[in-house]
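Chemist: Chain by chain, the residues run as shown.
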Amino acid sequence: MTALVVAEHNNQELKPVTLNTVTAALELDQDIHILIAGNGCSVVAEEAAKISGVAKVLLVESDAYENFLAENIATLVSNISGDYDFILAPTTTNGKNVMPRVAALQDVSQISDISAIESSDTFQRPIYAGNCIATVKSNDAKKIITVRTTGFDAADAASGSAEILTLEEINDAGISKFVKEEIAESDRPELTAADVIISGGRGMQNGDNFSILEGIADKLGAAIGASRAAVDSGFVPNDYQVGQTGKIVAPDLYIAVGISGAIQHLAGMKDSKVIVAINKDEDAPIFQVADYGLVADLFEAMPELESKI
Amino acid sequence: MKILVPIKRVVDYNVKVRPKPDESGVDLNNVKMAMNPFCEIAIEEAVRLKEAGKAEEIIAVTVGSNLSQEQLRTALALGADRAILIETDVEVEPLGISKLLKSVVDKESPSLIILGKQAIDGDNNQTGQMLGALTGFSQATFASEVNLEGDSLSVTREIDGGLQTLDINLPAIVTSDLRLNEPRYASLPNIMKAKSKPLEVIPASDLGIDISPRLETLKVSLPATREAGVIVETVDELIDKLKNEAKVIS
Ligand SMILES: Cc1cc2nc3c(=O)[nH]c(=O)nc-3n(C[C@H](O)[C@H](O)[C@H](O)COP(=O)(O)OP(=O)(O)OC[C@H]3O[C@@H](n4cnc5c(N)ncnc54)[C@H](O)[C@@H]3O)c2cc1C
Ligand SMILES: Nc1ncnc2c1ncn2[C@@H]1O[C@H](COP(=O)(O)O)[C@@H](O)[C@H]1O
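Chains as they are written, first to last, in our numbering: chain A, 152 to 460; chain B, 39 to 288.
None of these hints come from the bench; they were simulated from the model. It is possible that part of the hints are untrue.
Stated by the list, open to error - Far from chain B, some chain A residues (derived; all Cβ distances over 10 Å):
1) Gln-181
2) Asn-190
3) Glu-319
4) Arg-339
5) Asn-357
Claimed, not checked - Below are the SDA-like pairs computed for lysine to any residue, each with C-alpha atoms no more than 25 Å apart in a straight line:
6) A:Lys-424 x B:Lys-279
7) B:Lys-88 x B:Thr-173
8) B:Lys-257 x A:Ala-292
9) B:Lys-281 x A:Lys-288
10) B:Lys-70 x A:Ala-413
11) A:Lys-293 x A:Asn-230
12) A:Lys-288 x B:Lys-145
13) B:Lys-58 x B:Met-39
14) A:Lys-288 x B:Pro-261
15) B:Lys-281 x A:Lys-293
16) A:Lys-288 x B:Thr-255
17) A:Lys-328 x B:Lys-58
18) A:Lys-370 x B:Ala-284
19) A:Lys-293 x B:Glu-108
20) A:Lys-293 x B:Ala-93
21) A:Lys-459 x B:Pro-261
22) B:Lys-145 x B:Ala-93
23) A:Lys-424 x B:Val-268
24) B:Lys-70 x A:Lys-370
25) B:Lys-58 x A:Glu-269
26) A:Lys-331 x B:Lys-257
Claimed, not checked - Simulated restraints on C-beta separations:
27) B:Lys-285 x A:Lys-431: 52 to 60 Å
28) A:Thr-153 x B:Lys-235: 50 to 58 Å
29) A:Glu-320 x B:Ser-147: 29 to 37 Å
30) B:Gly-174 x A:Glu-178: 55 to 63 Å
31) A:Gly-372 x B:Pro-59: 26 to 34 Å
32) A:Arg-339 x B:Lys-285: 17 to 25 Å
33) B:Ile-277 x A:Arg-339: 19 to 27 Å
34) A:Lys-331 x B:Met-39: 52 to 60 Å
35) B:Leu-245 x A:Ser-310: 34 to 42 Å
36) B:Asp-65 x A:Glu-217: 41 to 49 Å
No residue lacks a Cβ here, since even glycine has one placed at the ideal position from N, Cα and C.
Could you build all of it, start to finish, from the sequences and the hints given here?
Modeler: Spelled out as structure tokens, the structure:
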């Protein structure tokens, strides 16, 4: 039996979530291959070859894969899936975009966003915004899985020495075209990889006020996140959204500022190790999950916090 | 041009559901049900395309029990022209749902299918992409902006790093993200009008499609609960706790 991990990368470097996905794969199978599909991405294959536990790196390069278009990547993964009992990808926007398409091509029911593995066919996954955990058993011969990366530690990325195999398996459906991407450049850690996150909500009042959080983030080496309300109001870009339908995070420290704590927000952060909430409403539901709550006006408390840490 | 909008009846998003005492499933007794919020956004987008003169007909479709007629009527009140219920009393997985939807696509030949990105009950986020595989149509998931010009569709997508724009050929599948639009409320006259719009009921068993489940839910349980912590009085106390008790800052 062999497992295939579909790696997440940007043609230049491997995304850290790939390492958590490898750990999940290792719980299922000792023989792991990793797929690097992209263009001009041989450096990524070299990086992947160093992940401990990976036996083989499959490198496929083509214009057709450069922007990870779902139609092309799904056909590729489906075409090479014959040898694998498990196919896994992280629950990222890429993984969510591609994997169900692979599953349907293979006539398999995907198991989405697993947070734990009980056995080679039985998995736990959060449902209803994480208010319940379902234990599901898959009766498909092939298991197609997306992995909630906060549920699994990162694999060691330095001690492996896998062989790199180049595949010539080019599929271009020719029905979709990449036009452009607006990716925010930031010196801060990525939300899903950060040890500390400070998130702002509607209470921040506007985008400029997020500078109050930036000073603290600089001092703590934190990533900045947000509630849906803050994103919908245009305070910050969409990729800041933490929650049921945004990013799932579990840092060592999560600081929620001016966020009420709706179930959809909690769904994305309640597995954080330590939660701090700063809110002027003492009845805000966020205090029910916070280890440390401070009932205060954020415009007074946050500058004080910045000056004292 | 025809637009097909698959919708789902789900627990209202404000409800905090709990497992049944015997952990055999989710306790849905006397729980308020509604149209999945992402499906409302999908319907709204279809209606806006029709209002802009870019589409002629909107068909809402759902796979579910007879009770789902309620959500189809809502879709009709919001601007869909007709509705189809593929009726079944068993729970169908996204793979089965996409197979049933494929049969509707074969019959109706829509140029565009708009789904929600995710149903907030199972949080699967699969159906649109699976329907893409079964039809061979192009797909743009997590859309925050859709521009239709002739037979090319330009879609802006919400991705992990920011935004991505794709041009995709029709027929196409789009799944809606939160910021695609803000759905309207159905007006009373439109709710009345919706009662006389056509709603066709097709028993799923008539379609001869294998929708038997591949996944077995062994158990539904509560997640590890978090105890509420302490309320600190001052910023100084907070910093002290974070440094000396939680040891998460230095
Ligand atoms: C389908 C669906 C999906 C969703 N997905 C997500 C998701 O992924 N992520 C998400 O976050 N939400 C999501 N939501 C939205 C969610 O239901 C809430 O509406 C949202 O989280 C509220 O954001 P908020 O806490 O910032 O705003 P509010 O609920 O308005 O809370 C603002 C808080 O700020 C406090 N405040 C105001 N001024 C100050 C001040 N000066 N000092 C201190 N405190 C102050 C207030 O007391 C209040 O508690 C989703 C909703 C739906 C329907
Ligand atoms: N039973 C259903 N009937 C019709 N459409 C559905 C059904 N279930 C899911 N969908 C569509 O697929 C989207 C994503 O659902 P899911 O893949 O379950 O997260 C929903 O927003 C709907 O548009």
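Chemist: A separate judgement is required for each hint: does it hold in the structure or not?
Modeler: Hints, verified against the model:
{"no.": "1", "hint": "Gln-181", "result": "25 Å, holds"}
{"no.": "2", "hint": "Asn-190", "result": "16 Å, holds"}
{"no.": "3", "hint": "Glu-319", "result": "23 Å, holds"}
{"no.": "4", "hint": "Arg-339", "result": "13 Å, holds"}
{"no.": "5", "hint": "Asn-357", "result": "18 Å, holds"}
{"no.": "6", "hint": "A:Lys-424 x B:Lys-279", "result": "14 Å, holds"}
{"no.": "7", "hint": "B:Lys-88 x B:Thr-173", "result": "23 Å, holds"}
{"no.": "8", "hint": "B:Lys-257 x A:Ala-292", "result": "21 Å, holds"}
{"no.": "9", "hint": "B:Lys-281 x A:Lys-288", "result": "43 Å, violated"}
{"no.": "10", "hint": "B:Lys-70 x A:Ala-413", "result": "18 Å, holds"}
{"no.": "11", "hint": "A:Lys-293 x A:Asn-230", "result": "14 Å, holds"}
{"no.": "12", "hint": "A:Lys-288 x B:Lys-145", "result": "34 Å, violated"}
{"no.": "13", "hint": "B:Lys-58 x B:Met-39", "result": "45 Å, violated"}
{"no.": "14", "hint": "A:Lys-288 x B:Pro-261", "result": "18 Å, holds"}
{"no.": "15", "hint": "B:Lys-281 x A:Lys-293", "result": "48 Å, violated"}
{"no.": "16", "hint": "A:Lys-288 x B:Thr-255", "result": "6 Å, holds"}
{"no.": "17", "hint": "A:Lys-328 x B:Lys-58", "result": "47 Å, violated"}
{"no.": "18", "hint": "A:Lys-370 x B:Ala-284", "result": "18 Å, holds"}
{"no.": "19", "hint": "A:Lys-293 x B:Glu-108", "result": "37 Å, violated"}
{"no.": "20", "hint": "A:Lys-293 x B:Ala-93", "result": "40 Å, violated"}
{"no.": "21", "hint": "A:Lys-459 x B:Pro-261", "result": "36 Å, violated"}
{"no.": "22", "hint": "B:Lys-145 x B:Ala-93", "result": "18 Å, holds"}
{"no.": "23", "hint": "A:Lys-424 x B:Val-268", "result": "15 Å, holds"}
{"no.": "24", "hint": "B:Lys-70 x A:Lys-370", "result": "45 Å, violated"}
{"no.": "25", "hint": "B:Lys-58 x A:Glu-269", "result": "21 Å, holds"}
{"no.": "26", "hint": "A:Lys-331 x B:Lys-257", "result": "44 Å, violated"}
{"no.": "27", "hint": "B:Lys-285 x A:Lys-431: 52 to 60 Å", "result": "28 Å, violated"}
{"no.": "28", "hint": "A:Thr-153 x B:Lys-235: 50 to 58 Å", "result": "53 Å, holds"}
{"no.": "29", "hint": "A:Glu-320 x B:Ser-147: 29 to 37 Å", "result": "32 Å, holds"}
{"no.": "30", "hint": "B:Gly-174 x A:Glu-178: 55 to 63 Å", "result": "35 Å, violated"}
{"no.": "31", "hint": "A:Gly-372 x B:Pro-59: 26 to 34 Å", "result": "45 Å, violated"}
{"no.": "32", "hint": "A:Arg-339 x B:Lys-285: 17 to 25 Å", "result": "22 Å, holds"}
{"no.": "33", "hint": "B:Ile-277 x A:Arg-339: 19 to 27 Å", "result": "21 Å, holds"}
{"no.": "34", "hint": "A:Lys-331 x B:Met-39: 52 to 60 Å", "result": "26 Å, violated"}
{"no.": "35", "hint": "B:Leu-245 x A:Ser-310: 34 to 42 Å", "result": "53 Å, violated"}
{"no.": "36", "hint": "B:Asp-65 x A:Glu-217: 41 to 49 Å", "result": "47 Å, holds"}
Consistency with the previously given hints fails for numbers 9, 12, 13, 15, 17, 19, 20, 21, 24, 26, 27, 30, 31, 34 and 35, ordered from lowest to highest.
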